[in-house]
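A.B. asks: With chain A held as given, fit chain B with the ligands onto it using these hints.
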Amino acid sequence: MSEPIKHRSTTKMVPYPSESIVPERDLGKTPVLETRHLGIDFGGLKAVEDFNLTIGRTEIAGLIGPNGAGKTTVFNLLTKVYEPTTGTVLINGRDTKGMNIVQASHLGIARTFQNIRLFSNMTVEENVRVGLHNQVKYDMFTGILRLPRYWKQEKKQHEQALELLSLFDMQSLADEVSGSLPYGMQRRLEIVRALATNPSLLLLDEPAAGMNPHETEELMETIARIRDQFQIAILLIEHDMSLVMGVCEGICVLNFGKVIAKGTADEIQSNPLVIEAYLGKRKEANA
Amino acid sequence: MSMKKKTFLMTAVTFAVVIAAFIICQVLIENKLMSRALRGQLIPICCYIVMAVSLNLTVGISGELSLGHAGFMSIGAFSGIVLAAWLKARFPELSDLARLLMAIVCGGLFSGVAGVLIGVPVLRLRGDYLAIVTLAFGEIIRNILNLVYFSLEGATLHASFNQPVLPGKFVYNGPAGAQGVTKIATFEVGFALVLFTLLVVFNLVNSRSGRAIKAIRDNRIAAESVGINVTKYKMMAFVISAVLAGMAGALFGLNYSTLQASKFNVDASIQVLVFVVLGGLGSILGSVISATVLYVLPEMLREFAQYRMLIYAVILILVMVLGNNPTLRGIVNRVGESLRGKNRKGDKAA
Ligand SMILES: Nc1ncnc2c1ncn2[C@@H]1O[C@H](COP(=O)(O)OP(=O)(O)OP(=O)(O)O)[C@@H](O)[C@H]1O
Ligand SMILES: [Mg+2]
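Residue numbers (the numbering used here), protein chains in the order written: chain A, 1 to 287; chain B, 288 to 637.
Isolated chain A, as found in the complex (with noise of 0.2 Å):
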């Protein structure tokens, strides 16, 4: 494993093709993402337009925004769950056109749902040895007749799923069902699951929804560690902007579908146009 990557405000941004900027230190290197133009249209309705976004190979991205802007539309379509109406998405350099959930998967991306969606008949640890399903493999039938295979693998998935649960002190609770859990811990279960797949891209759509701020902080420093631990890229949706402010390296704002400001922590929150459309969101909220 390299050495920790330094602390964001000592990261510097720098310009990249397609109205993007990355993280100097990425610059060489592949962008896990890159999407141009992308867009998606609900019947008229343009929930996505023209969004444009580059993410650094080791890059922490905040994608930030008003309730309704169109955020979780943009993690669908990355994830393929929604074909974009215009547009392409690069997965580490691949374009994932006519791609389906389980193609841009194994193309190295992961991510956690803002309504969460664990296998909640299953237990804590289960879950995490779903995740790890293309990493630790082996074939039905050495499953069926528990040849030696089966107990080899079925023993370093424990320790793999052990060992990322122990990411956020998880280990005690493997036995338990995933859907008894608090919904905290069920969040983090979920980055723990996305973990599991070896992603390049991990993108976590709001995991502070529901956390106090004690806890929000401590999230904030594992985000952190996990990037510097795995060298891998994450973009996260979230309305906490301690959290974004904290974390994020480059910051992308959305308002109505359309990408408004995109900038470091401290251009965005100089930004006029930012100020406006959380404020008259206010307003509206006040009225």
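Simulated from the structure, these hints should not be mistaken for laboratory data.
Keep in mind that a hint or two might mislead.
Every beta carbon over 12 Å from chain B, so not counted as near; a handful from chain A, in silico [stated by the list, open to error]:
1) 73
2) 98
3) 159
Here are the computed lysine to aspartate or glutamate pairs in the EDC-like style, where the Cα-Cα straight-line distance is at most 20 Å [claimed, not checked]:
4) B:292 - A:176
5) A:97 - A:41
6) B:291 - A:175
7) B:293 - A:41
8) A:258 - A:50
9) B:291 - A:154
10) A:12 - A:276
Backbone N, C-alpha and C fix where the C-beta goes; we use that ideal spot for every residue, glycine too.
C.D. replies: Here is chain B with the ligands on its own, set in the frame of chain A:
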């Protein structure tokens, strides 16, 4: 108790119950304490346990509704009967046991092929198409079986479709079904088939493939997002289920001297589904017990046999209402909890 221990305990208990039941039956038979009527039910009971457990793999563990399980059973039954008859003519030196085992394997194979043929187009689709297609399959296979004829002329097998004129002696005679079958099914082989089924299903469920199957049932999109090939694992569950049903069918078919395809109608499929639902979706032990009890009861109480479907319907409705009514469920839970609480106190005192 942890989930893992519970799973292990459930497996152990299931095998223990089945083995104990077998030993008790053997002792009763040895000492001539079992009625003729019940003795005659032992092999069908084994068949229906295998049917229920295998259907539970599709419905309870994979989460797909199948309404044509008896169709697979009939394919197994009649392919097994024809093979056994042919083997007897062609290889007279073969023992009955060898013929029975070969017929069971053959029944499983044919039924498995049918499972693949249905699964490939249907399981690719999203939505509950399997229920509709398996329902149709059960009916279609029954109608086809009314139109095929097999006969043996010495050791030569003749077959025809829609033409009841064949040389030699009929083995399978269209609407009249299989005739003159030598009953070679034994309770011991039935018991072995039950053990085999339990082993396959338990080992599958607790393996990488089984976890993929359960994951798809629990959340399809999440399973896809971690890279699981949904069609492949749905197929796996469905085809294994069909193979086991075919094996049960072959054993069943070789337990009667005559057998018609009309025995494997929708009612028969629904009956197996009732075993599974009442035993509990996903609960293997539940399927074993409910198949046994619900199969034996009506057969024992002959005079009520005609009300069987009615009683099933009533019980099924009650279970649905009870399962979905929060007040009733609350009462059941409270009773269950207080009982469990008492047990726990008892444990401490001991
Ligand atoms: N499958 C769909 N069909 C039709 N409209 C959709 C669909 N999915 C999303 N939308 C619409 O697209 C818009 C963007 O939704 P999206 O869920 O992406 O917002 P979001 O930015 O994630 O919001 P939030 O912060 O509330 O999660 C909304 O107006 C939503 O109603
Ligand atoms: Mg959202």
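A.B. asks: None of the hints should be skipped; say for each whether it holds.
C.D. replies: A quick look at each hint next to the structure:
1. 73: holds (15 Å)
2. 98: Label holds. Min Cβ-Cβ 16 Å, cutoff 12 Å.
3. 159: Nearest chain B Cβ is 15 Å from residue 159 (chain A), so the label holds.
4. B:292 - A:176: holds (11 Å)
5. A:97 - A:41: holds (17 Å)
6. B:291 - A:175: holds (6 Å)
7. B:293 - A:41: violated (49 Å)
8. A:258 - A:50: holds (7 Å)
9. B:291 - A:154: Within the cut-off at roughly 14 Å; holds.
10. A:12 - A:276: Distance of about 27 Å is beyond 20 Å: violated.
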